[in-house]
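Participant: From just these sequences and the hints, can you work out the full model?
As they're listed, the protein sequences go chains A and B.
The first sequence begins at 976 in the working numbering and counts up by one.
The second sequence begins at 976 in the working numbering and counts up by one.
Bear in mind the hints are in silico, worked out from the structure with no lab data behind them.
Don't take every hint at face value.
The list treats identical chains as interchangeable, and a pair is accepted whether it falls inside one copy or across any two copies.
When the alpha-carbon atoms are kept at most 30 Å apart in a straight line, the in silico DSSO-like pairs for lysine-lysine are as follows [as the list claims (entries may be wrong)]:
(1) K1232 <-> K1249
(2) K985 <-> K1176
(3) K1060 <-> K1091
(4) K1154 <-> K1002
(5) K1309 <-> K985
(6) K1107 <-> K1002
(7) K1107 <-> K985
Protein chains: 2
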Amino acid sequence: MNFEDYATYKEISTQTIAWSQAIEIVKSTTLPDLKNYQNAIFVGCGSTYYLSIATAALFQTSTGLQSRAVPGSELLFNPQFVLSKNSDGKLNRTLLVAISRSGTTTETLRAVENFKKMNCGEVVVISNYYEKLSHLADISIVIPEGQEVSVAQTRSFSSMYVASAMFCARISNQDEMVKRFSELPAIGNRLIRDFEETARKMGEDQSFESFFFLGSNFNYGLACELSLKFKEMTLTHSEPFHFLEFRHGPMSMANGKVGIIGLVSESNFQNEMKVVEEMKQLGAQLFTIGETGTDISLNSQLPEYVRGVLFLPVIQLMAFFRSIKKGLNPDNPKNLTAVVELNL
Amino acid sequence: MNFEDYATYKEISTQTIAWSQAIEIVKSTTLPDLKNYQNAIFVGCGSTYYLSIATAALFQTSTGLQSRAVPGSELLFNPQFVLSKNSDGKLNRTLLVAISRSGTTTETLRAVENFKKMNCGEVVVISNYYEKLSHLADISIVIPEGQEVSVAQTRSFSSMYVASAMFCARISNQDEMVKRFSELPAIGNRLIRDFEETARKMGEDQSFESFFFLGSNFNYGLACELSLKFKEMTLTHSEPFHFLEFRHGPMSMANGKVGIIGLVSESNFQNEMKVVEEMKQLGAQLFTIGETGTDISLNSQLPEYVRGVLFLPVIQLMAFFRSIKKGLNPDNPKNLTAVVELNL
Chain A
976 MNFEDYATYK EISTQTIAWS QAIEIVKSTT LPDLKNYQNA IFVGCGSTYY LSIATAALFQ
1036 TSTGLQSRAV PGSELLFNPQ FVLSKNSDGK LNRTLLVAIS RSGTTTETLR AVENFKKMNC
1096 GEVVVISNYY EKLSHLADIS IVIPEGQEVS VAQTRSFSSM YVASAMFCAR ISNQDEMVKR
1156 FSELPAIGNR LIRDFEETAR KMGEDQSFES FFFLGSNFNY GLACELSLKF KEMTLTHSEP
1216 FHFLEFRHGP MSMANGKVGI IGLVSESNFQ NEMKVVEEMK QLGAQLFTIG ETGTDISLNS
1276 QLPEYVRGVL FLPVIQLMAF FRSIKKGLNP DNPKNLTAVV ELNL
Chain B
976 MNFEDYATYK EISTQTIAWS QAIEIVKSTT LPDLKNYQNA IFVGCGSTYY LSIATAALFQ
1036 TSTGLQSRAV PGSELLFNPQ FVLSKNSDGK LNRTLLVAIS RSGTTTETLR AVENFKKMNC
1096 GEVVVISNYY EKLSHLADIS IVIPEGQEVS VAQTRSFSSM YVASAMFCAR ISNQDEMVKR
1156 FSELPAIGNR LIRDFEETAR KMGEDQSFES FFFLGSNFNY GLACELSLKF KEMTLTHSEP
1216 FHFLEFRHGP MSMANGKVGI IGLVSESNFQ NEMKVVEEMK QLGAQLFTIG ETGTDISLNS
1276 QLPEYVRGVL FLPVIQLMAF FRSIKKGLNP DNPKNLTAVV ELNL
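Facilitator: Right, here's the structure in full:
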């Protein structure tokens, strides 16, 4: 079977079509009025929880509004830990952003239903399907081009991430920034073309026994997602950390069979690269990706805020090639189904 | 060398002395006036970041105030992602709770120094030493009995967690709950005595190749901390997840060599145990700990809010025994030092 015969390979390689669609759709999306809100909550499950983590960071940084990401199950089962109150004891006005590839994920769906009964704010839904979740939305952003045959999310995640990031830029009136999103698909295509071979070499390198993914701020949620790809597609131990957190315990695991993939930022480049250098000293194999001065350099000239999605395709390809090399089927990871629907 | 000769063993076995001291100290701690605040931020590094996660959940649940935990490095390097603004564009009034065993952790210290310059709220410090960090505090809670010789935190963590939980109960005027904390040390001693043998058997079982720790709400931060113990002391792959999140991808890793340790709550017992049952079906070895109906039952009769610390000692002992069995030195984990001080 050729690489091209796997759905995962096709979905990764052509994902920028879905980015373009996301950009077109978010250009004209209705926006909620932030004056009505004291905070924003982002919910999802698995990949879309990690997407929520990344987006909450973008949202708070751009709007200033207190923003938090939680798993759908926490909003559903422990709402008192998610929804906050003002000094009168009333629920704060909360903008809820619910993210789900299928639009049918049970926890997210049930959590949104409960949230609506509380009458404390609108619901924005980001999904790849017009489904049950979108029907509950006050504002619905659906990107059908992100739909996938594979179980593990790749183009779905990146399409919804582009939509989320541009939504944050628009809602904070950063008009110059908003325009720059249209440059992403061409740069994404260039990276996929130029670094597929790098991804294959690294993915096929069986000397790695486990991986850690480092990223801070916006990039932490992306590190979580890429770590999950390695679990799902390659059945390899992998775990995400904030860069400087890795020094506080986890680095006990650093050795020659450990690959550490760093999603390096521009704003804290030196502090993050210092961690990278220290882990090299401990014998770990480091691989960095960032705008410039890294093993893979994006050279996007885009603001940090816009370019996050560019971290994804090459590392997704790495997971794909590792999966094949290990004799696994990347399209159908062990134990998993594409949609988790429960009888709660 | 006997178990008793290891500092870690002594520190775990006698930790309830430090809990008692924490309870005594927090009884008379000055409390900030919550009316002055729009939100609370909890910061720490490594273990104390996980302690912050657990405490932020307790704090928001009991006070209703929006509460979030972040690593010290995020507050230091990406404050715009941590500190939020109101609709006038001014920083929200923020209660900052900074937690550090040594009181000298560089990121936390520097982050608190910067925070104070912003004049947007008081600083509460929880530590085991009167050190630099306490000198910056408006309110300082220091528990010297939690001090340790070992690198990996055990009694230090639990003593500061008891202090944090009781602080949350006091600040939310839950007087009946506050009284119940004094029951913890006796119950902790009973658990350590009754379940040391269980911990030894499980810790010495070399059929486990990796571990996952499941916990939701308050218990998620504790799951993170216990997972870190297994990395530090036993150099074993381990990772924490919220219960229902484990279904969304990570369960691809479930097999007969995987141990899954569930910190089961009372409030969501059925939903959490359903995940446990499913993972058993996939062949994983499950081990549950909870108030009742679990492999280890606490039988504490204490409110869920108060009893969290009781999850810790037996699992800490498990990590200790696994470390010894693997021929490692639990007192001095590979690559680590007790205090992380950086030249930032």
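Participant: All the hints need checking, so say for each whether the structure fits it.
Facilitator: We went through each hint and held it up to the structure:
no. : hint            : verdict
1   : K1232 <-> K1249 : within (20 Å within a copy, 36 Å between copies)
2   : K985 <-> K1176  : within (19 Å within a copy, 48 Å between copies)
3   : K1060 <-> K1091 : both (16 Å within a copy, 25 Å between copies)
4   : K1154 <-> K1002 : within (9 Å within a copy, 56 Å between copies)
5   : K1309 <-> K985  : within (20 Å within a copy, 42 Å between copies)
6   : K1107 <-> K1002 : within (24 Å within a copy, 50 Å between copies)
7   : K1107 <-> K985  : within (28 Å within a copy, 55 Å between copies)
Hint compliance for this structure: every hint is met.
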